[in-house]
Structures are given as C-alpha cells and as structure tokens.
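J.: Residue strings, one per chain:
2 protein chains.
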Amino acid sequence: MSDYVEGKLLIIGGAEDKEKECKILKRFVREAGGKESRLTVLTAATEYPGQVGAQYKELFQHLGAAEVQVLDVAERTSANNERISYELEKATGVFFTGGDQLRITGILGGTRLGRTLHRLYERGVIIAGTSAGASAMSDTMIVGGEAGTAKKDTLTMAPGLGLLHSVVVDQHFAQRGRIGRLLSAIAQNPYVLGVGIDEDTSILVYSDGRFTVVGSQTVTVVDASPSLESNVSEISPGQALVLTPVLMHVLSDGYGFDLKRRTSHYKAEK
Amino acid sequence: MSDYVEGKLLIIGGAEDKEKECKILKRFVREAGGKESRLTVLTAATEYPGQVGAQYKELFQHLGAAEVQVLDVAERTSANNERISYELEKATGVFFTGGDQLRITGILGGTRLGRTLHRLYERGVIIAGTSAGASAMSDTMIVGGEAGTAKKDTLTMAPGLGLLHSVVVDQHFAQRGRIGRLLSAIAQNPYVLGVGIDEDTSILVYSDGRFTVVGSQTVTVVDASPSLESNVSEISPGQALVLTPVLMHVLSDGYGFDLKRRTSHYKAEK
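Residue numbers (the working numbering), protein chains in the order written: chain S, 16 to 285; chain E, 16 to 285.
What the hints contain is simulated information worked out from the structure, not anything from laboratory work.
By construction, the Cβ of each residue, glycine as well, lies at the ideal position given by its N, Cα and C atoms.
One should not assume that every hint holds.
[Said to hold, decoys possible] Which residues of chain E face chain S? A partial, calculated answer using Cβ under 8 Å:
(1) Tyr63
(2) Gln66
(3) Gln70
(4) Met172
(5) Leu256
(6) Pro260
(7) Met263
(8) Gly271
[Claimed, not checked] Heads up, simulated DSBU-like pairs for lysine-lysine below, C-alpha to C-alpha not over 30 Å straight-line:
(9) E/Lys38 <-> S/Lys167
(10) E/Lys35 <-> E/Lys23
(11) S/Lys167 <-> E/Lys33
(12) E/Lys50 <-> E/Lys23
(13) E/Lys38 <-> S/Lys35
(14) E/Lys41 <-> S/Lys167
(15) S/Lys23 <-> S/Lys38
(16) S/Lys41 <-> E/Lys50
(17) E/Lys35 <-> S/Lys167
(18) S/Lys105 <-> S/Lys167
(19) E/Lys275 <-> E/Lys38
(20) E/Lys35 <-> S/Lys33
(21) S/Lys33 <-> S/Lys72
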C-alpha cells in the first residue's frame, strides 16, 4: 500500500467533453474493464440526481460499458443500507458526479457505503470523480473560496473522502481563476501539494503515486515545500499572502507527474 | 546603468485606491519629490483624456504635489511637437493612465516625446503607469489575450516603451485570472520574467533591478528559466501548454524581489 494511493483514481476538473471525442469518460470505461466493465454512478453530490444519473448512464452505455447502475444515495440512512452497499460491491468502476462536495462527504462519511468504497479502491477498482467529485478525493478538500488574489482565510476546507493523501485538488481551475485559493490552501501546510485541474481535463493517478494528464486543457501542480518565506501565520483574515518560492508545473495531455518525488516526468503515453 | 532599469519605475496593476488611503498614488508623489514635485499626467492610453486627466490632477494636488499638468497627447503630431516635449522636460514624475497600451506605444513610439521620456528616466525621474500604463513599461508587452488555461497563441504581444528590460508585465492579474496568459508569454522565451500585478498593487522598481511591492493585494513573479520541458514550439495554436518546472513567488506589501538574481528578498520596508 502506497503512502499516496492504493488503487487508481481518475480526477476530473469538471465540464468534461460528453459530446465529441469523450476522451476522459472513454478512458474511465477502458480503465474499469471496457466491455467487461460494471459501472456505478454515485449522484450524492447533486441535487438533480435523476437527470444527472440518467445522462451519465446513457453516456457510459454508449461508450461500451457492459453494465451501468445509478445509485441515488441522498441520505445517510441509504448510505448505511446493506442492499445499497451490496450493489456497489459489484462495481469495477465508480463515478462521482459534480454538485457539492460537502454532500458527498456529509452523506457517505463514516457509513457502510463509505467503507465499501474504500474497500473497492483497495482492491484496485477505479474511482472517478468530476468537479465536486474531484475535490472530495483527498484527505482535506477545498469546499469554497473566492477567485482572485491569494489571501488568508478566503477559502474553506473540510475533511474529504481520504482516497488521495498529501494533496489538495481544485477543479474548474483556470476557467474560474482559482490559483490564488489553491496557493492559500497549500500555504497553510506546504507538506500538501496543490493540484489544479482545468475543465475537460483529468489526472489518472496510479498506485505508485504517479499521475498522467488526460484531456484538452492543463493541470497545474503547485509545490510550496521549497518556500522560505510565508506570512500565513502572521496576517489577518483577508490580507494578501506571501509565499516564496513555490515550484509550479503546468502539464497537458500525456504528461505525467510523480506525487511522491514531486517532479514532472516526460510524455509517457498519448 | 543597470541591465534592467536606469531610473525608478512605479508599475501599478490598475484600479489603485483613489478614495481611502491612496497608498500607491501617495507613494508616487513622495518619490517624485513630495511638496516639491512637478507631475505630468500622460493620458495617451485613454479615449477619455479630459475626464481621466482631471481626476488624476485633482488627486495629485490633493496628495500634496506642487504642480500637476495633464498632457493630452492623442496623436503622433502632438508627440512630435517641440512645445509639448518642453513641457514634459519639467516633470519630476510622469504618470501614464490606463486605457489601451497600443495607444501609448502607437502614439509615443519613435517620437520626440518618446525620446524625452527616456531622457527623463535616465536622469532619475520616476515614471509611473497604471493598467495599460503598466503593461507598456517593458521591452515586449502583452497587448491582449484570453483569461483561463495557458495556451499557445491566445495572447498577443507587441514592442513596449522599453523602460524595463527582460520582464513582461501583466495587470489586473488575479482579478482577471491572467496567470495562464502570463505563463504562455514567458514560455515563448523563458529568459523573460513574468510579473503579474494585482489591482490596487504596484511594484516600485529601483535602478539596481530590485523592486518592492506597494499596495493591498499581491504581485506574482513567474520564472520559467529553470524549466526543463516545454511544448511551446511543438503545439498548434490553441493547444494547452506544458511548462515545468516554473519558479513562482507570491509577494505582498513591503516584500521585495531582485529582478537580476531572480530571488525574493524579505520585508525591507513598510
């Protein structure tokens, strides 16, 4: 078991292509077993589970999955229901939709379904999540925060699903101007790497802590571990941040990064 | 004479406070000689020179400048007019307003007034610029470009005033989500440092190539000189960028940076 991940994760920055090439969703189906795959869509994050669940079900069927089920788990009582966990057990791939990451953790955290999810992951089942489903992957997750300038206390964080360690993920990254809030997050503990994922872009994280970028835009990794100067413990809420130097890596489709060694590696696959 | 700058520059990221503390504009007046200062406001960038010029004139008078004149140079014939250059010669501080940076260089470039500006600067007169006036300071300037993901060819550049060397400046930086376009700019030649200045924030650049941050938000320096991997020469227009690793420095009021050594230095002044 690695320090970072036990199975495979596909973490998507939201707004993934669902009409043209569907590169990211296609990759999910392939990693989950392709024509042999049994996929479970978890709509816990969204307030429109019927609509969102049906859309992904149709998409994954169209992309060649053998079986697709939607589990609409909207309450903790459902998340503790034995039958529902039994349904999840059959999955070779799990997909978290977008919505609100606090709904995911608030509903699944500490339940039977939450434990089943971890067990599947440890067995090597691929767990995917888009938008809110991406944020929820890590130990500590970003729940909200302003776009714009890096400031203290303009972002809120909470405990996540704990599938990805020592990393904070942000999504819709470049599209919503979130570099400032990601820097504010890692300033609070530079041990944690910041990974900002653009829309229609994802990282496929392997069990050895390496990831590969899949998608049309970029992934930005910020590493504040080399920083020598930070004002995070001194400034008042709302004041502008100081953090220097920070290592930054801008990566696109096919490029990789090693979360353990904190270095990029060159184009490994296409 | 330094490799970088000859005199003093005050480069403002736009939307500087004009109502409360007026920290940046006050600093400009002080650096230009305070009660002895003779300021010239150049409204070349704006299409509303009357209104903008009058506003800054009133502000600088209110902040204690001895004399403030507005030079409304809207055409190259005016920029070549001997009397207008003579008027500029008297200034102890020059202020470029916001607007369109191409108006500044299109009107001043290669004229008598442009040469006078450089001469003043070499004599040690402080040259300030906000927004478009900030972008215009460097050898090569950013003229336009999309917010969002770092991509090839989504930004346009042009020759600037040439007062600041080996640097590309971007303004309204965090507020308009411009980290991607600044990274695209420096990827094209990592010899050039990227300096992104937020609103109500400025850098005061000294003749030795050091600068100090003045203002309420942050200044972000991106240095791609350590980068080992870049796809800038391979990708097609619009494709996502790769640039890794990049050094990044997030600085706020009172913190400094050395443009020659490319290192931050700690709080020097307040």
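J.: Determine for every hint whether it applies to the structure shown.
T.: A quick look at each hint next to the structure:
1. Tyr63: This interface hint is violated because 26 Å lies over the 8 Å limit.
2. Gln66: violated (27 Å)
3. Gln70: Violated, about 25 Å.
4. Met172: Where the cut-off is 8 Å and the nearest Cβ of chain S is about 19 Å from E/Met172, the hint is violated.
5. Leu256: holds (6 Å)
6. Pro260: With a minimum Cβ separation of about 5 Å from chain S (threshold 8 Å), the hint on E/Pro260 holds.
7. Met263: Holds. Min distance 4 Å.
8. Gly271: Check failed: Cβ of E/Gly271 comes no nearer than 10 Å to chain S, outside 8 Å.
9. E/Lys38 <-> S/Lys167: holds (21 Å)
10. E/Lys35 <-> E/Lys23: holds (25 Å)
11. S/Lys167 <-> E/Lys33: holds (25 Å)
12. E/Lys50 <-> E/Lys23: holds (19 Å)
13. E/Lys38 <-> S/Lys35: Violated: E/Lys38 and S/Lys35 sit about 51 Å apart, past 30 Å.
14. E/Lys41 <-> S/Lys167: Holds: E/Lys41 and S/Lys167 sit about 26 Å apart, inside 30 Å.
15. S/Lys23 <-> S/Lys38: holds (17 Å)
16. S/Lys41 <-> E/Lys50: Measuring from Cα to Cα gives roughly 69 Å; hence the hint is violated.
17. E/Lys35 <-> S/Lys167: Holds: E/Lys35 and S/Lys167 sit about 22 Å apart, inside 30 Å.
18. S/Lys105 <-> S/Lys167: violated (44 Å)
19. E/Lys275 <-> E/Lys38: Answer holds: E/Lys275 to E/Lys38 is near 27 Å, not above 30 Å.
20. E/Lys35 <-> S/Lys33: violated (49 Å)
21. S/Lys33 <-> S/Lys72: Satisfied, since the Cα-Cα distance of roughly 12 Å is no more than 30 Å.
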